[in-house]
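Novice: Using the sequences and the hints given, assemble the complete structure.
The chain contents come next:
There are 2 protein chains.
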Amino acid sequence: MRYSSCYIPTLRESPSDAEVISHKLLLRAGMMRRLTSGIYIYLPLGLKILDKISAIVREEMNAAAFQELLMPMVQPADLWKETGRWEYYGQELLRFKDRNEREYCLGPTHEEVITDMVRGEVRSYRQLPIRLYQIQTKFRDEIRPRFGLMRGREFIMKDAYSFDADAAGAESSYKKMFKAYMRIFRRLGLKFRAVEADSGSIGGNFSHEFMVVADTGEDTIAFCHSCDYAANVERAEAVWRGETVQGDCLPCEKTGMPGARTVADVAALLNVPPAKIIKTLIFVVDNTPVAVLVRGDREANEIKLKNLLDAKVIHLAGPDIVKKVTNASCGFAGPVGLNLPIYADLELQGATDYITGANEADSHNTHVDLRRDVRVAAFADLRAITAEDICPRCGGKIAFTKGIEVGHVFMLGLKYSEAMHATFLDENGSERLMIMGCYGIGVSRIAAAAIEQNHDRYGIVFPPPLAPFECVLINLDQHNAVVTDTAEDIYSLLRSMGIDVLYDDRDERPGVKFKDADLLGAPMQLVLGNKGLARGVVECKDRRSGERCELVIENLRENFSLWARQVREHWEALYARQ
Amino acid sequence: MRYSSCYIPTLRESPSDAEVISHKLLLRAGMMRRLTSGIYIYLPLGLKILDKISAIVREEMNAAAFQELLMPMVQPADLWKETGRWEYYGQELLRFKDRNEREYCLGPTHEEVITDMVRGEVRSYRQLPIRLYQIQTKFRDEIRPRFGLMRGREFIMKDAYSFDADAAGAESSYKKMFKAYMRIFRRLGLKFRAVEADSGSIGGNFSHEFMVVADTGEDTIAFCHSCDYAANVERAEAVWRGETVQGDCLPCEKTGMPGARTVADVAALLNVPPAKIIKTLIFVVDNTPVAVLVRGDREANEIKLKNLLDAKVIHLAGPDIVKKVTNASCGFAGPVGLNLPIYADLELQGATDYITGANEADSHNTHVDLRRDVRVAAFADLRAITAEDICPRCGGKIAFTKGIEVGHVFMLGLKYSEAMHATFLDENGSERLMIMGCYGIGVSRIAAAAIEQNHDRYGIVFPPPLAPFECVLINLDQHNAVVTDTAEDIYSLLRSMGIDVLYDDRDERPGVKFKDADLLGAPMQLVLGNKGLARGVVECKDRRSGERCELVIENLRENFSLWARQVREHWEALYARQ
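Keeping their order, the protein sequence lines are chains A and B. Note that this note's numbering has the first sequence beginning at 10, numbered continuously upward. Note that this note's numbering has the second sequence beginning at 10, numbered continuously upward.
Warning: the hint list may mix true and false statements.
[Unchecked claim] Straight-line C-alpha distance at most 27 angstroms; calculated DSSO-like pairs for lysine-lysine:
hint, chain 1, residue 1, chain 2, residue 2
1, B, 332, A, 106
2, A, 406, A, 285
3, B, 90, A, 106
4, B, 33, B, 524
5, B, 90, B, 106
6, A, 315, A, 424
7, A, 184, A, 61
8, A, 61, B, 61
9, B, 106, A, 106
10, A, 33, A, 524
11, B, 106, A, 90
12, A, 90, A, 321
13, A, 332, A, 321
14, B, 106, B, 321
15, A, 90, A, 315
16, B, 332, B, 315
17, A, 61, A, 188
18, A, 321, B, 106
It should be emphasised that the hints constitute simulated quantities derived from the structure, not laboratory data.
Specialist: Below you can see the structure in the form of structure tokens.
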């Protein structure tokens, strides 16, 4: 492409409302524009990146024998009522009525639609498995759209669905997708991790997330230094090592501690470690308050509680509810005498001689023995994993990293087929439920994640597989006919070699051209000017390393191929190190 | 592709709610499914057709130096309020609110969005022209969605927009698109006509529609037998041949004619031709009633009236309004003494001795002279063209045909740039408005229109450029190892030749395979069975003509190439005849 005929409106300054680097750079590089909160226009260069991502996704989905279809963005409410998600999905589901007052939503995902279609087609086990996918525009009415393409409201997803007759088939579908995702993210040239994950509002039996590793990620990944274990902290098991405190303690005693509201306050006042204090948290679970106990130096994990209770909606109780159920303001709740279902973290099994709130203003109980003084409904893993924990698989050391979720595979099991009665007749003529899986990739989010992971102070440093151009050819002396003739020859040569090249033929100063080339992030730059041409060379720059060298023009086909291979090998070494 | 691993759920019977042949066949051929009123799922084969159409559209748009981008489906109300279309677009514009009570719509078109973007980018004439397009999903909340993909609510369009600095540039953009559209529809292998058209709710100075010729089309095209003239009847000029009746007539006289409500009633009663009667129609134009006069044997053309008065909203008055403004029920309105703006068709210039309604129940006026008895606000072309009319270009004979609108190019002029203040600084530093054009192609509608034009009693007969497969290879004896080995060899051979082939390897009866092959509409069929193989031949069938012949397997590469060329040439001859 010739730069002069491309619509690439680069900006010198970052718009003030751009918060993260990918958002800033996508705007500055003329790849997208904001239409309104969380809704963006993909300009030609941005669309080109999405097309490169989609092409790789398509190839791997087709290779895994999933077939592409296209479902609508507007979905009827009736189907969402069948699964109950019309009620439970939350306000991210944008609901509206048409001119005839019929209810619809903008699809944030398509389980209902595809299950409805498949149940209408399938009669016999002979028609299974069915494995389908689409690349389509989704809408989620985020409460706080932010970070550009990272958490927009309208975005592009690849979503795939599998319908199998039995568990072995469903597992095979899941594994096919897991492997396809590994290939997709490797081919995209991203540093990523596949991690165990919670299934969230999609539901199902188990799931894996694919995380692009980046400091700016919203998710935290716990991983083991010794084995392959990696999980989203939302889900990572905190292993109970079986220590229980032995022996009795003094009777429970209420003690006034005016103003000592936090674990830190109480620990300081009594000069005890936070680990000797029990934190009591009140959650509202499907409209019912429950209490959760964790050690004072731990954080409760809301998602583990939600899964334990198989709940639909869960949130921390507000001050009014805390006051109502504990008779005290926040900070003084405690399990002794509390008339609520009480769930305690595994670590508190056999806990004795602990300090807790006393359900009274400015008071805490000391010498609390959970076995003696409290009726615990269940002990379970209810806390967040920490750096002190061990790997649940091998006992190795746990570390943490930040990630951006770009893919998620779910073993749905019977959740949707049961709710929507998606059945088939098996070999014996008995009616059975199909076993489902679903598999998402955030196509537009990948573009942002790739930039979060690959940029420097000058702009984007695209991994070659998703760069909008492989190479930028800069003509420094546009008005010099000899230079321009040679540049045109080089442009033709590169195109004849199948290189996706942007030829900067604009009537602009060299500084502008250098800046734009760095900003746009093509992995390779060729720079031709009067001086170089006099010596018969074109300068080249590896965008990532910044390393420069000169290529003799006379034998450019071979010289360029050699250099391009080096640049690609450096990138491949980078991917391989992950 | 192997049929056994393709998701192609064909149906023996047409679903009862399918009204037109394209709708029936798309469902029966397993190419799409209905999700809800006017909203469809494109199954893999349907999507493949859309992809083939899109690929041709993209190639020609890129060749015309328009660049692809992608705009959102959800659009903020503010922009539509700027142009006034929030108020005037009608209920097809699906409006809704997000969780924060902000107003949005689902985009039925993108003039507002792209004008907003471009006005934010362009400062100088040096940045123009800007020529962009997208292929994107649109939504129009049709009052009565019908005919499957022909008039759905959610559909796929290619929409393009041009921004130029001056009239010459805008004309060049328009011509580029007109030519690109001619190439696109020719390459798609469709019989079509480019016709002069009304600009409708998009607005602008002039426009052309591209119509696929088909008996089932909702539009009527008037065209000239002698020259290139063709126009939508909504727009086609009815030429006034300048005849005026000379001389005076008797004084106007009110005559009782009980029950004579229609032109036919009055003509029969008085034994005069309908051409001697004036029809008076009451329209409500932007909330104001006006009267329109046409000859009794003519039809008024509402769109011509709308354009004459530069109106936003227009409709025929209901009985209440007719009663109120004429003092009589429908059928007795007349221009004499009528206190409304009166617009008369050109043909009525100098009309004398006519019969009209008398604005009184069961009464008509005779001997009406328009010059003498009526104050006409304006004479204009306000009637529909008829077979008696002459070509407005060359005076030749006019004929009519039915068409399906699949493309529309609009010279928008300043409509949007004025409303949204989309300006630039010209060479002299003066601020000027950009001149716009917009250009649409109904991608999903093309699939339906192609079928309306190309089908027979057995199924679809796809033009080769948009067939989901070029060739179906039918294995008649799936369980015979020798036949199957040879079929596999032929399948490999065809693929190696770059033929897009569907290999029917299913364990089904020959009758099922023949029926499905005819239904799916691939232009070529190869049939291999035990008997043919014994003689060393494969049978082939041209799907369109039904002609069969045999190809010797031994030299199949050459034999198939030869036959395929024949089949293609027959199709090309068909296109060329249009």
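Novice: Would you mind marking each hint as holding or not holding in the structure?
Specialist: How the hints compare with the structure:
1. B/332 to A/106: Answer violated: residue 332 of chain B to residue 106 of chain A is near 36 angstroms, above 27 angstroms.
2. A/406 to A/285: 24 angstroms, holds
3. B/90 to A/106: 21 angstroms, holds
4. B/33 to B/524: 15 angstroms, holds
5. B/90 to B/106: With Cα atoms ~15 angstroms apart, residue 90 of chain B and residue 106 of chain B stay inside 27 angstroms; holds.
6. A/315 to A/424: Holds, because 17 angstroms separates the two Cα atoms, which is no more than 27 angstroms.
7. A/184 to A/61: 25 angstroms, holds
8. A/61 to B/61: Holds. Residue 61 of chain A to residue 61 of chain B sits at ~19 angstroms (cutoff 27 angstroms).
9. B/106 to A/106: Distance ~10 angstroms between residue 106 of chain B and residue 106 of chain A Cα, so the pair holds.
10. A/33 to A/524: Status holds; Cα separation ~15 angstroms.
11. B/106 to A/90: Since the Cα atoms of residue 106 of chain B and residue 90 of chain A sit roughly 21 angstroms apart, the hinted pair holds (cutoff 27 angstroms).
12. A/90 to A/321: 15 angstroms, holds
13. A/332 to A/321: 24 angstroms, holds
14. B/106 to B/321: 25 angstroms, holds
15. A/90 to A/315: Between residue 90 of chain A and residue 315 of chain A the Cα gap is close to 22 angstroms, so the pair holds against 27 angstroms.
16. B/332 to B/315: Given pair residue 332 of chain B, residue 315 of chain B holds - Cα atoms ~23 angstroms apart, limit 27 angstroms.
17. A/61 to A/188: 20 angstroms, holds
18. A/321 to B/106: 26 angstroms, holds
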